[in-house]
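With the hints as extra help, turn the sequences into a complete structure.
Chains as they are written, first to last, in our numbering: chain C, 102 to 416; chain E, 102 to 416; chain W, 102 to 416; chain B, 102 to 416; chain P, 102 to 416; chain Y, 102 to 416.
Since the hints were derived computationally from the structure, they do not count as laboratory data.
Note that this is a predicted model, so its numbers are computed, not measured.
Any given hint might turn out to be false.
In this list, chains with the same sequence are indistinguishable; a pair is considered to hold if it fits within one copy or across any two.
Quick list of in silico lysine to aspartate or glutamate cross-link-like pairs, EDC-like style, CA-CA up to 16 angstroms [unchecked claim]: (1) Lys382 to Asp196; (2) Lys129 to Glu110; (3) Lys132 to Asp152; (4) Lys123 to Asp152.
Protein chains: 6
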Amino acid sequence: MKFIETLREGEKIQEVYLCRRKMTALTKAGKPYESLMLQDKTGTVDAKIWDVGSQGIDEFDELDYIMIVADVTSFQGALQLNVKRVRKMSEGEYDPKDYLPVSDKDIDQMYAELQQYIKSVANPYLNRLLSKFFMEDADFEKRFKFHSAAKSVHHGFVGGLLEHTLSVTRNCAYFAESYPILNRDLLITAAICHDIGKLEELSTFPQNDYTDEGQLLGHIMIGAEMVSDVIKEIDGFPVTLGNELKHCILAHHGELEFGSPKKPALAEALALSFADNLDAKMETLKEIFSSVPEGNLQWLGFNRLLETNLRRTGR
Amino acid sequence: MKFIETLREGEKIQEVYLCRRKMTALTKAGKPYESLMLQDKTGTVDAKIWDVGSQGIDEFDELDYIMIVADVTSFQGALQLNVKRVRKMSEGEYDPKDYLPVSDKDIDQMYAELQQYIKSVANPYLNRLLSKFFMEDADFEKRFKFHSAAKSVHHGFVGGLLEHTLSVTRNCAYFAESYPILNRDLLITAAICHDIGKLEELSTFPQNDYTDEGQLLGHIMIGAEMVSDVIKEIDGFPVTLGNELKHCILAHHGELEFGSPKKPALAEALALSFADNLDAKMETLKEIFSSVPEGNLQWLGFNRLLETNLRRTGR
Amino acid sequence: MKFIETLREGEKIQEVYLCRRKMTALTKAGKPYESLMLQDKTGTVDAKIWDVGSQGIDEFDELDYIMIVADVTSFQGALQLNVKRVRKMSEGEYDPKDYLPVSDKDIDQMYAELQQYIKSVANPYLNRLLSKFFMEDADFEKRFKFHSAAKSVHHGFVGGLLEHTLSVTRNCAYFAESYPILNRDLLITAAICHDIGKLEELSTFPQNDYTDEGQLLGHIMIGAEMVSDVIKEIDGFPVTLGNELKHCILAHHGELEFGSPKKPALAEALALSFADNLDAKMETLKEIFSSVPEGNLQWLGFNRLLETNLRRTGR
Amino acid sequence: MKFIETLREGEKIQEVYLCRRKMTALTKAGKPYESLMLQDKTGTVDAKIWDVGSQGIDEFDELDYIMIVADVTSFQGALQLNVKRVRKMSEGEYDPKDYLPVSDKDIDQMYAELQQYIKSVANPYLNRLLSKFFMEDADFEKRFKFHSAAKSVHHGFVGGLLEHTLSVTRNCAYFAESYPILNRDLLITAAICHDIGKLEELSTFPQNDYTDEGQLLGHIMIGAEMVSDVIKEIDGFPVTLGNELKHCILAHHGELEFGSPKKPALAEALALSFADNLDAKMETLKEIFSSVPEGNLQWLGFNRLLETNLRRTGR
Amino acid sequence: MKFIETLREGEKIQEVYLCRRKMTALTKAGKPYESLMLQDKTGTVDAKIWDVGSQGIDEFDELDYIMIVADVTSFQGALQLNVKRVRKMSEGEYDPKDYLPVSDKDIDQMYAELQQYIKSVANPYLNRLLSKFFMEDADFEKRFKFHSAAKSVHHGFVGGLLEHTLSVTRNCAYFAESYPILNRDLLITAAICHDIGKLEELSTFPQNDYTDEGQLLGHIMIGAEMVSDVIKEIDGFPVTLGNELKHCILAHHGELEFGSPKKPALAEALALSFADNLDAKMETLKEIFSSVPEGNLQWLGFNRLLETNLRRTGR
Amino acid sequence: MKFIETLREGEKIQEVYLCRRKMTALTKAGKPYESLMLQDKTGTVDAKIWDVGSQGIDEFDELDYIMIVADVTSFQGALQLNVKRVRKMSEGEYDPKDYLPVSDKDIDQMYAELQQYIKSVANPYLNRLLSKFFMEDADFEKRFKFHSAAKSVHHGFVGGLLEHTLSVTRNCAYFAESYPILNRDLLITAAICHDIGKLEELSTFPQNDYTDEGQLLGHIMIGAEMVSDVIKEIDGFPVTLGNELKHCILAHHGELEFGSPKKPALAEALALSFADNLDAKMETLKEIFSSVPEGNLQWLGFNRLLETNLRRTGR
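Right under this line is the structure:
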């Protein structure tokens with residue numbers, strides 16, 4: 102496959118890309134044309150279909166994968182594709198991983214590890230709850246494996262939600278071992294469920310953007326309600342335990358100003374907020390540092406999230 | 102009835118009070134005695150049962166209404182009852198309004214007005230939702246009429262939740278008339294439901310204190326979930342409308358730091374937050390000013406909630 | 102009239118526009134030319150007078166209304182007028198409403214309603230004060246009707262100050278009815294006067310920008326002093342009442358960090374700050390939503406004032 | 102004179118004190134008595150008049166100076182005067198400085214120095230303004246010399262307003278010399294006038310408490326208006342200069358959250374806010390350190406205003 | 102030994118306690134007496150020596166351990182010792198652990214584990230630095246083992262500094278394993294050194310209070326300088342590495358407002374701040390929960406540090 | 102010398118400039134060329150060396166002074182130099198003051214005044230400390246005279262560190278005279294040393310940028326350690342005095358959020374923070390106003406540091 106970052110002016114190509122954006126516009130002469138933004142995992146490129154009605158130009162929509170025949174030209178210093186033919190691809194004719202950012206970890210292996218943590222939860226009600234989501238619901242599992250944990254910022258890639266969830270769970274397992282005041286079963290359960298609301302807050306790839314429900318309610322409220330609904334299906338689930346679990350989810354951002362409606366009032370809620378925050382920050386640094394070669398000690402500029410200039414350390 | 106604020110040293114009384122607190126303690130000599138705090142609507146008084154095992158002292162618990170025979174004495178400058186006999190009262194043997202703070206408005210009349218607002222909601226789904234709570238659920242109605250809207254601060258009395266809800270609803274009806282961008286049906290519905298979570302956040306009178314669920318989840322989350330659950334029971338309730346309604350409830354505190362997990366993102370959510378905040382502040386002032394005679398322009402001291410010294414104005 | 106938003110490249114026009122900005126510049130060749138920004142109520146357009154000294158080009162200044170003869174050309178993708186002739190217009194030769202943003206309400210009708218509120222103020226001193234400003238001072242009335250309530254943000258149009266003042270007064274009338282602790286006469290008076298300082302803080306249209314006095318003192322201080330000066334002219338105006346009224350004006354932004362030198366310490370001051378803030382926010386939303394068709398539920402992006410993403414609701 | 106801090110149980114005294122507070126109360130037996138708080142510059146003492154109607158007890162009010170005949174007794178570990186006779190003193194029969202905190206500087210000398218600064222102001226309008234207040238208005242001068250600059254905190258003593266004003270003026274004179282961008286005449290004038298609003302914000306000694314006007318408007322607004330009123334009396338006072346001076350007064354607290362309705366937007370306003378803040382903080386430290394012997398390096402505890410623990414340094 | 106919390110009125114005791122405070126006062130009759138606060142690990146008790154000059158009363162100072170003969174009496178509801186004889190103890194005549202709060206972990210074992218971490222640091226310069234402090238300096242080791250990590254709050258006991266340091270180091274070792282972007286040697290070294298400044302910021306037990314140096318400089322600055330001084334003694338210590346290590350110490354409070362002069366700008370500094378904050382919070386909860394029996398789900402009241410009400414969870 | 106701001110298209114020049122930045126790039130055709138940013142004290146200009154390998158093009162690096170032969174052309178509206186020849190200059194062949202911003206005060210005279218202040222410090226230890234830095238260390242003196250006090254903002258020019266230090270010292274001398282609670286020797290010493298850490302925090306001109314050490318530690322910590330190191334060299338320097346001096350340096354930013362790890366806890370530390378802040382703000386205004394002619398009262402726009410719009414005043 103010829104990736105977008107390798108295109109050069111003057112080439113003629115036949116290639117499949119993801120159509121990220123599509124708009125109809127008018128030339129000065131008043132003739133309609135299509136303006137596209139095409140994407141693969143290496144970047145995006147502007148493309149135009151000047152001859153809209155012509156044969157060889159299939160119907161297609163934004164977020165479709167399309168095979169194009171095109172000339173690589175340039176306009177005002179940037180590359181532009183002059184598209185001659187378009188054919189819409191069906192699932193199976195392309196590999197989504199060529200077009201989307203993807204976790205560099207093995208997704209199935211991560212999911213298996215997460216399931217091991219679930220099996221280690223001794224409390225039968227919590228174990229039941231986790232199983233209903235993560236062991237018995239194939240559709241949930243499929244979505245959970247494919248989802249990102251963010252629109253941008255950290256973990257904004259296929260598998261990102263799983264990778265982040267597993268990492269937070271590992272952190273919590275370590276904390277439970279280190280600090281005996283922590284109720285391990287509650288903490289592990291809360292860790293595994295803490296971001297499940299993101300399945301509804303963000304649309305699925307390739308869109309990966311805030312949904313209307315996500316904008317209005319947020320993943321904290323959505324996740325707490327998802328947990329609440331499954332609790333109601335489990336006979337005899339202790340009321341206090343259910344509220345403790347929901348509290349951990351509500352409070353996992355740690356501070357009211359970060360969108361938690363309650364400050365952590367249980368040790369487990371506090372520990373979860375540390376585990377989550379730590380993983381988010383470390384992944385943020387990892388993503389920032391990924392574009393800097395090891396051993397390069399240059400300062401990378403002011404980072405608004407961390408409110409400081411940053412650099413790598415040597416070894 | 103002889104109210105607590107009229108008791109004088111040296112009197113002997115036989116009267117019914119609410120037992121607010123009850124603890125067993127030891128005299129220096131090691132003899133157990135009961136230390137009580139008794140309450141009526143005019144105040145509280147310390148009471149002791151020195152002769153715990155004696156005849157004439159019924160079994161009773163905190164929050165029971167008890168008929169006592171006692172001498173009024175004083176200890177370290179404060180009145181103290183020396184209790185000789187105790188009999189536990191049953192419902193009907195006393196009038197709770199003598200013991201608890203109560204709204205000075207007519208509760209049934211307020212509820213009828215609230216129901217009028219419900220009837221004015223034209224959208225069938227929203228009307229259905231309101232009816233299920235406020236028109237068809239006798240137990241809900243009974244609890245809603247009796248509940249307070251706060252542990253302390255404003256509206257902390259029987260009927261307080263209803264009085265506050267009605268007042269916020271009136272404000273919203275006025276706003277909807279004044280500002281045509283507002284969707285009246287959505288706004289009225291949100292106003293009526295905005296604090297229903299307080300039914301679970303605060304225990305019922307005479308206790309009127311935060312419940313475990315209230316501490317862990319808060320009335321914002323609880324209320325949103327109550328609404329969510331009823332929405333699920335209504336066939337065809339539009340998803341978008343449901344999320345808008347839940348958003349209004351989540352955002353009604355107006356700011357993240359006041360416990361809303363989302364800032365108001367809809368005009369109706371913003372209007373509701375004004376209506377709620379305005380009523381809370383006006384009632385707070387009303388309660389502060391209630392102990393100051395009209396025409397008295399004395400400064401009343403620094404108020405922590407309003408962050409200023411306060412006084413009444415003349416007419 | 103041919104409005105700016107309808108101009109197309111290649112047209113030749115003879116039209117009157119407001120000259121918003123005018124600067125003399127030099128071509129690369131060192132020849133002076135005039136660079137103008139012309140405005141009507143539909144927008145602005147860049148214009149050049151290349152032949153500065155030529156006959157047919159009248160003398161004129163910024164903020165003059167000018168009749169131009171020009172060719173519509175384009176430069177770097179934007180329209181540009183090549184101006185051949187200029188004639189300065191006198192008052193009467195154009196209708197300012199074609200050039201300035203104007204309230205969509207009837208200005209005289211709004212003013213009449215405001216005067217009704219004034220008549221409803223029973224306290225003779227407050228009534229006197231309002232009459233001196235709004236009933237007996239023709240120049241004040243003329244300026245008040247024409248002024249905006251802001252440079253940008255909400256109510257930044259001809260009649261905006263009146264529209265906002267009336268709306269705040271209506272809100273206060275409603276509040277006074279709903280909350281008997283409020284002194285209606287004081288509150289209505291404060292509402293009507295709360296923003297009169299804007300007459301000096303902002304220059305009149307078409308400029309509508311901060312004056313030197315406005316930058317240095319702000320409309321809160323200016324307004325309080327205007328009220329203070331008129332109070333001094335009224336025999337026997339009670340000192341306490343005067344201070345209460347001035348306090349309401351000083352405190353109407355509600356918080357020190359919003360420029361009020363005092364937090365609301367009277368119920369009326371607090372109510373006014375709600376009435377003002379509510380109207381400002383609702384008008385802000387109305388202006389934002391005005392460019393979005395009803396029924397369009399798209400998210401409109403992050404709003405810095407309201408600190409949230411926003412969207413309309415359906416009906 | 103026998104000062105309050107030297108009184109001992111068992112003494113009989115005849116002495117003049119300031120009656121700071123006076124309340125009528127009832128004994129347990131229901132007999133009325135007067136409860137007083139008496140003050141001199143060394144402290145306060147509780148006093149009782151048990152025999153209210155008796156001969157030898159003159160009529161008097163709070164804030165009168167009274168000659169008492171009394172026994173020094175004690176109650177619950179604190180001294181208490183049992184008052185037998187009371188005679189109300191007239192002005193001249195006592196020296197206020199024995200009863201009130203007084204500046205340790207010479208008041209007339211400080212005032213003379215302030216007048217020297219006024220003479221050094223070359224701008225005729227500013228000089229005129231200062232003269233009208235400080236050179237030609239004997240009543241103003243008398244009040245200005247006697248007033249404090251605060252209810253408590255720093256400079257809360259007779260002459261405190263003068264002492265603080267002079268010190269701020271000196272600081273500004275130094276700043277004007279050091280930083281040529283500063284307009285000395287404007288800055289000196291602003292310094293001398295910056296706190297004149299305190300004449301109305303605080304009542305005069307011995308009361309020295311916030312007035313109703315002070316609570317409602319604050320010394321910043323009051324002072325700006327006092328200046329504004331005198332400017333109007335001066336023919337030809339330049340408008341811009343008047344606004345600049347008023348701005349300096351409005352902005353002298355430096356930050357909106359400290360009650361200035363405008364941030365310093367002129368160099369002179371910024372310099373004044375430094376001069377004022379510096380003098381307030383240095384005097385605060387001086388007053389705190391005054392009770393600690395030189396050379397004592399003990400830590401004095403957390404100070405809420407300065408948000409730190411404090412100690413003196415050695416020499 | 103008879104511990105203070107077991108004393109009862111009427112007993113006569115001969116016991117060794119720590120004299121925490123000692124002041125000379127005067128009886129009403131003007132006779133001097135000594136007022137003491139005595140302490141053991143179970144609490145404190147007020148004590149008086151009425152007969153100061155008498156035989157049998159040794160010379161002693163605050164923070165001495167003293168053997169007393171005394172009667173247990175009570176005054177205003179609290180126990181008070183009437184001390185008849187005092188003898189000052191020498192080291193060895195008492196066991197400090199009976200008088201001071203002590204870690205419930207084995208101190209030598211914790212120190213051995215810390216040394217294992219030091220041995221695991223491969224970088225020769227960092228290893229050298231750690232060894233000079235923790236392996237080769239017997240006096241440092243002795244002080245480090247005995248010191249607390251706080252005056253009050255968390256880890257305010259003998260061995261507290263070691264316990265906290267070890268726990269933070271363990272957390273960092275776990276983080277380094279989990280997040281490969283972290284430089285383990287730097288992070289472990291920073292963790293072990295992060296609070297060594299507390300050796301000078303707090304005086305040693307039994308005083309355990311802020312020193313003058315601690316008040317003026319704080320443990321962050323002191324610790325960075327201690328590290329800096331030892332770095333200078335190590336030949337060839339890389340400058341960049343030294344600055345990175347010092348940065349980690351300076352930034353370990355994570356935020357400027359918590360006293361770090363720099364925000365974490367290296368991944369290791371950020372990780373250290375998490376490790377430290379987590380351990381501090383978990384220990385705080387452990388200490389709060391230690392007085393509540395397991396299984397007790399009562400709410401424990403608002404905690405100012407964590408800004409929330411708190412309770413334990415069940416198992 | 103032909104300064105950059107006077108260059109015009111079409112000229113041919115031979116001139117010496119400072120090479121601020123230098124990068125190798127590729128033409129579209131794949132040929133390497135050098136892209137330079139050249140600087141003198143009047144501005145910067147883009148320059149290209151298209152013929153990289155050609156004769157007449159010396160080797161040189163960023164921050165070298167180079168003599169170029171070039172044509173002045175333009176590209177996309179900005180001037181660009183087409184460089185034909187380059188020769189690297191040696192020290193002495195150019196005058197740095199033509200290329201760098203320089204204090205408009207006489208540097209040697211300022212240094213002499215600073216030394217006078219040093220001589221006025223009577224305390225022998227403080228005098229010793231100052232002498233070691235400022236009187237006996239020629240290299241230190243040379244660096245101190247040449248350094249700036251900032252990368253940008255105020256005093257960002259050659260001699261800026263000296264000019265700011267002297268001004269702060271003068272302010273402190275005035276404060277010590279005005280406020281007798283201040284220990285003059287300590288305050289003057291702290292003023293002179295307060296920013297010496299900037300010698301390491303910022304690299305020397307022409308680079309004048311944050312160093313790695315500066316980013317990691319900051320001038321506050323660096324300066325305190327520099328002082329600490331010299332204190333150790335002075336026999337008998339009193340420990341308390343040393344800590345007080347270091348505290349003044351640590352606390353001189355006044356607030357934790359401005360990077361001081363301690364709030365001012367000594368009067369001298371507080372006074373120093375005022376002296377420093379005042380000078381920084383006044384210099385900031387001076388630099389802003391320097392581009393506005395005296396008498397121009399135009400508003401200059403919102404300033405982010407001072408959080409306000411600004412303008413000059415007239416005279």
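Hints, one by one, checked against the model:
{"no.": "1", "hint": "Lys382 to Asp196", "in the structure": "neither (31 angstroms within a copy, 47 angstroms between copies)"}
{"no.": "2", "hint": "Lys129 to Glu110", "in the structure": "between (25 angstroms within a copy, 9 angstroms between copies)"}
{"no.": "3", "hint": "Lys132 to Asp152", "in the structure": "within (9 angstroms within a copy, 36 angstroms between copies)"}
{"no.": "4", "hint": "Lys123 to Asp152", "in the structure": "within (15 angstroms within a copy, 43 angstroms between copies)"}
Violated hint for the displayed structure: number 1, the only one.
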